[in-house]
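Each chain, written out:
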Amino acid sequence: MGSKKIVVVGNGMVGHHLVKSLVQTGANCAITVIGEEPRPAYDRVHLSEVFAGREPGELSLVSRETYQQWQVDAHFGDPVSGIDRAAKQVTTRGGHTFAYDKLVLATGSYPFVPAVRGADHKRCMTYRTIDDLGEIKSKAADSRVGTVVGGGLLGLECANALKNLGLQTHVVEFAPDLMGVQLDEGGSRMLRRKVEGLDVTVHTGKNTQRIGPGSGCALRMDFADESHLETDMVVFSAGIRPRDDLARACGLKVGERGGIVIDYRCKTSDTDIFAIGECALFGGRIYGLVAPGYRMAEAVVQQLAGEDGVFSGADMSTRLKLLGVDVGSIGDTHARTPGSIACVFSDERQESYQRLVTTADGKKLLGAVLVGNCEQYDTLLQYHLNGIDLPDEPSSLILPAAGETPTLGMAALPKTATICSCHNVTKGALLTAMDDGCCSFADVKSATAASTGCGGCAAMVKNLVDEELSRRGVVVDRSICEHFPHTRQELYHLASVGEVRSFDAMIAAHGKGMGCDICKPAIASIMASLWNEHVLAKPHVGLQDTNDTFLANMQKDGTYSVVPRIAGGEITPDKLIVLGEVAKKYNLYTKITGGQRIDLFGARVGQLPAIWAELVAAGFETGHAYGKALRTIKSCVGSSWCRYGVQDSVAMAIYLENRYKGLRAPHKLKSAVSGCTRECAEAQSKDFGVIATENGWNLYVCGNGGMKPRHADLFATDLDDETLVRYIDRFLMFYVRTGERLQRTSVWMENLEGGIDYLRAVVIDDKLGIAAQLEAQMAHLVGTYQCEWKAVLEDPAKIRRFRQFVNSDKQDSGVVFVREREQVRPARAEERLHLVESVE
Amino acid sequence: MTALALREWEVVCNAGDLVAGSGVCALVRGIQVAIFYLPQLENPVFALDNHDPIGGANVLSRGIVGDLGGELVIASPLYKQHFNLRTGACVERDDVAVPVYRARLEGDEVLIALPT
Ligand code: SRM
Ligand SMILES: Cc1cc2nc3c(=O)[nH]c(=O)nc-3n(C[C@H](O)[C@H](O)[C@H](O)COP(=O)(O)OP(=O)(O)OC[C@H]3O[C@@H](n4cnc5c(N)ncnc54)[C@H](O)[C@@H]3O)c2cc1C
Ligand code: SF4
Ligand code: FES
Numbered sequence: 101m102g103s104k105k106i107v108v109v110g111n112g113m114v115g116h117h118l119v120k121s122l123v124q125t126g127a128n129c130a131i132t133v134i135g136e137e138p139r140p141a142y143d144r145v146h147l148s149e150v151f152a153g154r155e156p157g158e159l160s161l162v163s164r165e166t167y168q169q170w171q172v173d174a175h176f177g178d179p180v181s182g183i184d185r186a187a188k189q190v191t192t193r194g195g196h197t198f199a200y201d202k203l204v205l206a207t208g209s210y211p212f213v214p215a216v217r218g219a220d221h222k223r224c225m226t227y228r229t230i231d232d233l234g235e236i237k238s239k240a241a242d243s244r245v246g247t248v249v250g251g252g253l254l255g256l257e258c259a260n261a262l263k264n265l266g267l268q269t270h271v272v273e274f275a276p277d278l279m280g281v282q283l284d285e286g287g288s289r290m291l292r293r294k295v296e297g298l299d300v301t302v303h304t305g306k307n308t309q310r311i312g313p314g315s316g317c318a319l320r321m322d323f324a325d326e327s328h329l330e331t332d333m334v335v336f337s338a339g340i341r342p343r344d345d346l347a348r349a350c351g352l353k354v355g356e357r358g359g360i361v362i363d364y365r366c367k368t369s370d371t372d373i374f375a376i377g378e379c380a381l382f383g384g385r386i387y388g389l390v391a392p393g394y395r396m397a398e399a400v401v402q403q404l405a406g407e408d409g410v411f412s413g414a415d416m417s418t419r420l421k422l423l424g425v426d427v428g429s430i431g432d433t434h435a436r437t438p439g440s441i442a443c444v445f446s447d448e449r450q451e452s453y454q455r456l457v458t459t460a461d462g463k464k465l466l467g468a469v470l471v472g473n474c475e476q477y478d479t480l481l482q483y484h485l486n487g488i489d490l491p492d493e494p495s496s497l498i499l500p501a502a503g504e505t506p507t508l509g510m511a512a513l514p515k516t517a518t519i520c521s522c523h524n525v526t527k528g529a530l531l532t533a534m535d536d537g538c539c540s541f542a543d544v545k546s547a548t549a550a551s552t553g554c555g556g557c558a559a560m561v562k563n564l565v566d567e568e569l570s571r572r573g574v575v576v577d578r579s580i581c582e583h584f585p586h587t588r589q590e591l592y593h594l595a596s597v598g599e600v601r602s603f604d605a606m607i608a609a610h611g612k613g614m615g616c617d618i619c620k621p622a623i624a625s626i627m628a629s630l631w632n633e634h635v636l637a638k639p640h641v642g643l644q645d646t647n648d649t650f651l652a653n654m655q656k657d658g659t660y661s662v663v664p665r666i667a668g669g670e671i672t673p674d675k676l677i678v679l680g681e682v683a684k685k686y687n688l689y690t691k692i693t694g695g696q697r698i699d700l701f702g703a704r705v706g707q708l709p710a711i712w713a714e715l716v717a718a719g720f721e722t723g724h725a726y727g728k729a730l731r732t733i734k735s736c737v738g739s740s741w742c743r744y745g746v747q748d749s750v751a752m753a754i755y756l757e758n759r760y761k762g763l764r765a766p767h768k769l770k771s772a773v774s775g776c777t778r779e780c781a782e783a784q785s786k787d788f789g790v791i792a793t794e795n796g797w798n799l800y801v802c803g804n805g806g807m808k809p810r811h812a813d814l815f816a817t818d819l820d821d822e823t824l825v826r827y828i829d830r831f832l833m834f835y836v837r838t839g840e841r842l843q844r845t846s847v848w849m850e851n852l853e854g855g856i857d858y859l860r861a862v863v864i865d866d867k868l869g870i871a872a873q874l875e876a877q878m879a880h881l882v883g884t885y886q887c888e889w890k891a892v893l894e895d896p897a898k899i900r901r902f903r904q905f906v907n908s909d910k911q912d913s914g915v916v917f918v919r920e921r922e923q924v925r926p927a928r929a930e931e932r933l934h935l936v937e938s939v940e
Numbered sequence: 015m016t017a018l019a020l021r022e023w024e025v026v027c028n029a030g031d032l033v034a035g036s037g038v039c040a041l042v043r044g045i046q047v048a049i050f051y052l053p054q055l056e057n058p059v060f061a062l063d064n065h066d067p068i069g070g071a072n073v074l075s076r077g078i079v080g081d082l083g084g085e086l087v088i089a090s091p092l093y094k095q096h097f098n099l100r101t102g103a104c105v106e107r108d109d110v111a112v113p114v115y116r117a118r119l120e121g122d123e124v125l126i127a128l129p130t
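Protein chains in written order, with the working numbering: chain A, 101 to 940; chain B, 15 to 130.
Source of the hints: derived by calculation from the structure; they are not laboratory data.
Take these hints with a grain of salt, some might be off.
[Unchecked claim] Per label pair, the in silico range of CB-to-CB distance: (1) 873(A) / 83(B): 36 to 44 angstroms; (2) 357(A) / 111(B): 35 to 43 angstroms; (3) 68(B) / 493(A): 36 to 44 angstroms; (4) 463(A) / 84(B): 33 to 41 angstroms; (5) 84(B) / 864(A): 46 to 54 angstroms; (6) 68(B) / 349(A): 27 to 35 angstroms; (7) 111(B) / 933(A): 31 to 39 angstroms; (8) 84(B) / 598(A): 24 to 32 angstroms; (9) 111(B) / 814(A): 51 to 59 angstroms; (10) 851(A) / 121(B): 50 to 58 angstroms.
C-beta atoms are modelled at their ideal positions from N, C-alpha and C, and glycine is treated no differently.
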């Protein structure tokens, strides 16, 4: 064939990037990849997310099949053990040899473990691969205390992981400061303060000398200063060392402290061998980040494709969230540039620290350290990378806004400014993508790969797209869908003023076409808020999401979950027994939810009426877990039992839950009532939350947990019962009237012009003169409440809807369960194959 | 021609089993068929396979019917992809489609023709 034989040793992030780029250039090469790990490349940068619940499989960057399609000859689980430069071939431990024309070493690095006696104990680990992760997880399972050795970037990330695993966590650092490489002393001190605030114990200036058996814990670490620490496991994260052993053995030049020496073409001392990524030493340094590795890989690809590719160093600025603390480090953080001057803003109360390092004339930004508040990171990085002149008063960039903090508009950036450093996408490239027809963030993202790496640039890319769109005169259309040229709020108004009572009438009067899965449920919800007819009444059938149609939540296998209302989380033993008996009888998986109630999973559609018949007979009502409606009102035990309670929070929660149950809204509604300021019911994370005071109740509004948590705003204080309920009535109805489709109260508030003050003016001072209307409408809804399940059971026509098949009593053969921890769960695809095979 | 085609039709349920503006599911010779009923149209019944190829469960009959850009579609209740009621094509992904079956309403009877 005459194609060049390229052999790549190492299939980590950088090795894979090289292969992918090489395939994409279409260069005439026969590519062989040899990886030591048993699986193809994966996203090491996001490894820690597995501790927070991500599946390891989701980190995969490529599959074996894709390599096959690309005609890449890939081998996993068998490392290269030797390079024969004379014969131009490599040999693996398994004895296979591969000849090369050009060889690329992308062997990465390994975690450094200091010479400590006892560090080889089986409860001492390192953290770099998916396999390490499994190891850490399994050791954590029987540990109470975990210790990370190393207070750098990776060490703190690892500490975060241990915390996520529920361990009492310690960080032991040899140096006097945390993250000493990236941060200056002040930044480091603030970081420490914040980390300690999160219950992670930090020990700096500790030199570990020996690890042996502990007395209270599995291990005991002894330090040089004669202090010691008891722990059940240790993870070493004390820096990385380049894996240069192969290169060393075949006589390539390596650095004094390790690393395969490369020139600006990424060539080693042998012209046919390249080294890239964390194993390579360029200009006397190892780049321990993924983006520089990608740049090296691209330089090599260009050369293999016959062009001139060079690597000229890379920016090491980083921004991360460690243990939930924002940390940013840009350029020369330590002010080592001769003549540089620094300006610092530190606020111990807000726990935020910012430092700018500028040239002596204050014109250019040389570096920055941000701890606790990284809002200005993007702006500062652009000043730094593009050498943009700083404003006359650089400190205005970090001082809390007395007036406006100057943010660097996208317009100010040159086209050459790199916006996404993971994929090296410039502002110019983003604009070109938009010229070529991309007109949304998603389009631009898939066309340019920007923000598909670490994701750190997402906000910037999104801003750029938005600014550009509005600059180009594209009006953002707020119509709910193609059938109605209106927002939800407008539709609500039209339906209310015109007394429209059905979807058909609505679309005839104000829309076009037949409707869709966006407008149908939205209008059904508006109809429910206005007129409160049964969701399955004739004109509303077919409008609802499946969950509302079947009054249950559809699960991944097409079965449903059943969630009866347990107001305030209070339940009698008898009712608990009923739930247990029903679950047992219908073989339902049972779980206590995050909303203080009990969820029964795995009911087939045809079983729902029978299950509910038993529940309703025992006094249960529907819990509306399926609806954009009031969900739960959590309570804490309150004054009736708790020694600190000042009001009866349980009674109030039950009262409120019964009052608002069934209320349909733009999105679901959640609430909680706490009996004192200790706030055990977490009321401040709810759409409306109530906290008892000595004199009555404080009302909080527009909080949210979930995807984008928002702390609720304190709305009114020391209310008596009656006023409390009156305000909540008004607040809820005002939201129901004006919220957009699927807009929780938190987002609604963020978009409400005038914010909390305006809301107070409407609800408390009745500025719009609608308070009486709002209360009357709420009274109507409260008065017409019906348990939807009870109503279904009383109407044979409605029960007919719950048939698996209209012409057969058979069950859906696609529903297959297996048992796990003594209960059922849906079989996974691979189990399903096996089960079906063994049945047939 | 007609004789051959007719032989394949079979009655699966009555008009009363259908739900206007929505779907139901019938089991026809072991195949789950989702049947949608849009009374305002001249040919008011549509039949697709009930299996959602993306969600991987038998649920399409329980989605919401509507039109998108002038085409009739059913939105899967699991992840909301839309499938064309006439062709089975998925609107969001051109690499997936669901089988479509011929269906018609004759008097009170709903007839389906499965491929032989
Ligand atoms: C069952 C439950 C998990 C559990 O086992 O604990 C659960 C399960 C689901 N949640 Fe949740 N959430 C549950 C408590 C929560 C909580 C905690 C709480 O309520 O105290 C939250 C955060 C609090 C909040 O909402 O502010 C929560 C935030 C979400 C979100 C994100 C909402 C947001 O605005 O960010 C979604 C997605 C959505 O609604 O669009 C969601 C969506 C879902 C859905 C509906 C996803 C789906 O479409 O299948 C799940 C359906 C469950 C089912 O079939 O019954 N779930 N979910 C919890 C039911 C509580 C209950 O008794 O009703
Ligand atoms: C937990 C964690 C968090 C991180 N977070 C960030 C971050 O936020 N931002 C950032 O920029 N970087 C981060 N990094 C660093 C980043 O992951 C690395 O810079 C990047 O993975 C380097 O890529 P690489 O291909 O050079 O090395 P690696 O990804 O380590 O790949 C090298 C591969 O070569 C294999 N190999 C070694 N020797 C041989 C041999 N003889 N034969 C065959 N195969 C061999 C190894 O098994 C390995 O699979 C993080 C790293 C970790 C561990
Ligand atoms: S939606 Fe809620 S219940 Fe479902 S997986 Fe996510 S967090 Fe868990
Ligand atoms: S900077 Fe990492 S994805 Fe763009």
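Now for the hints, and whether the structure bears them out:
Taken as a hint, the range 36 to 44 angstroms holds for the pair residue 873(A) and residue 83(B), whose Cβ atoms sit roughly 39 angstroms apart. Evaluation of the 35 to 43 angstroms hint for residue 357(A) and residue 111(B) yields a failure: the beta carbon distance comes to about 59 angstroms. A beta carbon spacing of about 55 angstroms between residue 68(B) and residue 493(A) contradicts the range 36 to 44 angstroms that was offered as a hint. For residue 463(A) and residue 84(B), the Cβ-Cβ distance of about 59 angstroms falls outside the hinted range of 33 to 41 angstroms, so the restraint is violated.
Roughly 49 angstroms separates the CB atoms of residue 84(B) and residue 864(A), a value that falls within the hinted 46 to 54 angstroms. Evaluation of the 27 to 35 angstroms hint for residue 68(B) and residue 349(A) yields a failure: the beta carbon distance comes to about 50 angstroms. For residue 111(B) and residue 933(A), the Cβ-Cβ distance of about 23 angstroms falls outside the hinted range of 31 to 39 angstroms, so the restraint is violated. In this structure, residue 84(B) and residue 598(A) meet the distance hint of 24 to 32 angstroms, their C-beta atoms being roughly 27 angstroms apart.
Here the CB-CB span from residue 111(B) to residue 814(A) is close to 54 angstroms, well matched to the stated 51 to 59 angstroms. At about 54 angstroms, the CB distance of residue 851(A) to residue 121(B) agrees with the hint of 50 to 58 angstroms.
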